[in-house]
Each structure stands twice: as C-alpha cells, then as structure tokens.
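Novice: Knowing the structure of chain E, use the given hints to seat chain F on it.
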Amino acid sequence: MPARISNGGSPSARPRIGGVNVGLVIGAPVEQELPIIQIRNCLLVSIQTELHDRLALDLQDSLMARVRTVNARGVILDVSAVEVIDSYITRILNDIGKSVRFMGAECFIVGIRPAVAMTLIEMGVELDSVHTALNLDLALERLELL
Amino acid sequence: MKTVEKEVGAILAGTISSITQRSIFNRLGGLATTPIQQLTPGDRATVLSELENSVRLFARSNSTQLIASIAKALTADGSGTQGMASGGGSAVTALPAPRKLPIEQEKDIATARLEAWSEAVRIGLSKFASVKVATAVSELARNIIFYAGNGTVELRSLKDDRGVIGLQIIATDQGPGIPSSKLDEIWAGTYKSQRGMGKGLVAVKKLVDDFHLDSRLDPGTTVTCVFRGER
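For the protein sequence lines, the chains are E and F, in the order given.
Residues 152 to 297 in the working numbering are what the first sequence lists, from first letter to last.
Residues 20 to 250 in the working numbering are what the second sequence lists, from first letter to last.
Only chain E is shown next, with the shape it has when bound in the complex (with noise of 0.2 Å):
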C-alpha cells in the first residue's frame, strides 16, 4: 500500500494546511470544516449547522478531494436539519452534484424539508443535478442498485 496518493494536480484535491499532501490523511482539522462520514464506498455529510456561503464551498472542495481518495461510489448530504435554502444554495448543492458524477459517483439530497421543497417550487429553482430520496436508508438503499 502506498502511503502516499499522488492527488493528480487537481487543485481543489490540496489539503488547506500545510504544504504536506495529505491524501490518506481524514479529517484534518480545518477550522469549522463539515465531517465527512465514510460508510462502506459512499461519503455522508450531515448538515447541522447553519449552512453560510464559505461552509458550503469548502464543503465542494473537501467532498472532491474525499471521492477521490476513497474511490466513493456515492455522496449523500443530509439536510434534514437546514431551514432555509435559497437559489445559491441550491446552485452549489447541483455544483456538487455536476461534479461528483463527472468523477463517476452520484449524488443524494436527504431529508428536504416540506416548506423547503414547496418553497423552491414556488421560486422555479431546480434541483436537477443531484437526486433526492426521504431519508438516508433510502439513499443508501438505492445507491446499492444502481
């Protein structure tokens, strides 16, 4: 095994801190960074907190730089405990979703609330780069199939 895995040149696969490369290296801890849960081959973020613009693009960074190191198959965020999402919001959550399946992965959304869902409707975003499903079982559940 190599300790070492060569992160490609891909910017965004650098660890923040440090000039180490970091790739076999979890969860550095970067000041008020997401975790990054590994469940077999898939990569579960919860998001507990406030979800502000700068958290949400360092999360983008890290997810990258995690499904490539861990050869991910899936990535679920669970935003049961998010009240509010805007259309900036929503644009990185389909970022993500882009980009995670250019590396050929797929993305789940769980646990949109009722008055989030009725209300991106209303305002004619889309969600249309990630899937969805209720919950977290079900996600892991229909990323087995695929």
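There could be a bad hint or two in this list.
[Said to hold, decoys possible] Computed beta-carbon distance windows for the label pairs: (1) E125(F) to T283(E): 24 to 32 Å; (2) Q213(F) to T283(E): 25 to 33 Å; (3) A92(F) to T220(E): 46 to 54 Å; (4) S36(F) to R224(E): 31 to 39 Å; (5) E273(E) to A207(F): 16 to 24 Å; (6) S199(F) to R252(E): 36 to 44 Å; (7) T241(F) to E184(E): 35 to 43 Å; (8) D209(E) to D180(F): 43 to 51 Å; (9) F253(E) to Q213(F): 45 to 53 Å; (10) P54(F) to T220(E): 54 to 62 Å; (11) R252(E) to S212(F): 19 to 27 Å.
[Unchecked claim] Straight-line Cα separation of at most 30 Å, DSS-like style, residue types lysine-lysine; simulated pairs: (12) K201(F) to K249(E); (13) K225(F) to K249(E); (14) K211(F) to K225(F); (15) K249(E) to K126(F); (16) K249(E) to K119(F); (17) K146(F) to K224(F); (18) K249(E) to K224(F); (19) K119(F) to K146(F).
Honestly, the hints are just simulated from the structure, not real lab data.
We treat Cβ as the ideally placed atom computed from N, Cα and C, and that holds for glycine.
Specialist: Using the frame of chain E, we list chain F on its own:
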C-alpha cells in the same frame, strides 16, 4: 443582579443553542439586560410573550414546561403573575417596531435570514410563509453582499384596516445599481450569474405578494416587498 438574559439563559441551556439564544435576546433589546426586579408589569408581559413565541419555535421538546419555568423566573420577586394572563392569542396586538439589519459580511446573510424568520413567526405568519420570508431575505441579502458590498435589510410589520397582518422587507444598498439592459435579462430568465444561479430576484418576485425594485445607477438599489398573512 439577576438579568432577564442570565435567568432565562440558565433555563434554556441545553435546549436551545447559544447562537439561537443570542438572537432571541437580541430581539428583546435593552430588556434582555434589565434586572428582573426592575421590569415593569408591561415589560414583563412583552418579554414573556416574546420568549413564548421563540421557545415554541426553537425548542425541540416540552416547550410548555419551559415557558412555565420562564414565567416563574420572571415573577420570582413575588410581584404577581399578571404576565401569564396575556398568553395565548393576544400576542399580535402591538406591532413590533421596524428593525434594520446591517448586511456587511457573509455571515450577516445567515443572521438576517434567522431574524426574518422569527419575526415572521412572531407576527403570526404561517410556518410555511415564514420559511418563504427567510428565503426571500436570504436572496436579497446575498445580492447586497455580492453586488454592492454592504447595505441594510429592514423588516416592518404591517396591519391593514381589515386586520390582515403582513411583513414588509426593504433591502437597500448604495452599490452600482442594476443597468436596465441587465434587468431585462434578469426578468427574461436569461441572465447568467458568475456566482449564483442568476435567479435570485426572479425567485423573490415569485415568493412575495408585492414587489417593487428601484435601481437608478446613482443611488444604488432598493427592493421593497411585502408578505401578507391569510385573511
């Protein structure tokens, strides 16, 4: 001195996160740091009805019990329990004063959205409408940060002569304004934004009951919109 903030904070600890608590106490203004003994009966009723709404909104469980403990703490000096009598439907009789929120950095977007949400719930808009209010404020505040750098979002509670409540949102900035050619693109849905979806303003227009945009290039942009409750 036992202040409102200190006493109530002790009761809410563990049930409502400290960030949410801070936002709740901010809404009380000077009353939050007033010693409990110095509250007039009127103040007490205001504080209690405000806290009651917040606790019902944010506490995950046994909100009734929490409200009872708060009521008890606020009347701990034995000056009677007239604060309790006002509970129930009468909370909306006095309209809260307009609130002006500065939007200067990215984290102010999240604050504004939370404030708008609790204001909407407080004046009696439905839960669903309150999420719409918060979403619209989030879009407007984000536009301010993206395109103007800084500005303000003002929340005004309204009540028309038929007693229908509403919330007016006024987002103002002194930024570069929106050229009319760009506005045409925005309304046509063909505008592509570098950072977002380019749909923020369209989304707000679809969410609200009244929408007015004033953008001359010189004095920046003002968006005024109104949410109305059900009749």
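Novice: Give me the numbers of the hints this structure contradicts, sorted from smallest to largest.
Specialist: As far as the earlier hints go, 9 and 16 are violated by this structure, in ascending order.
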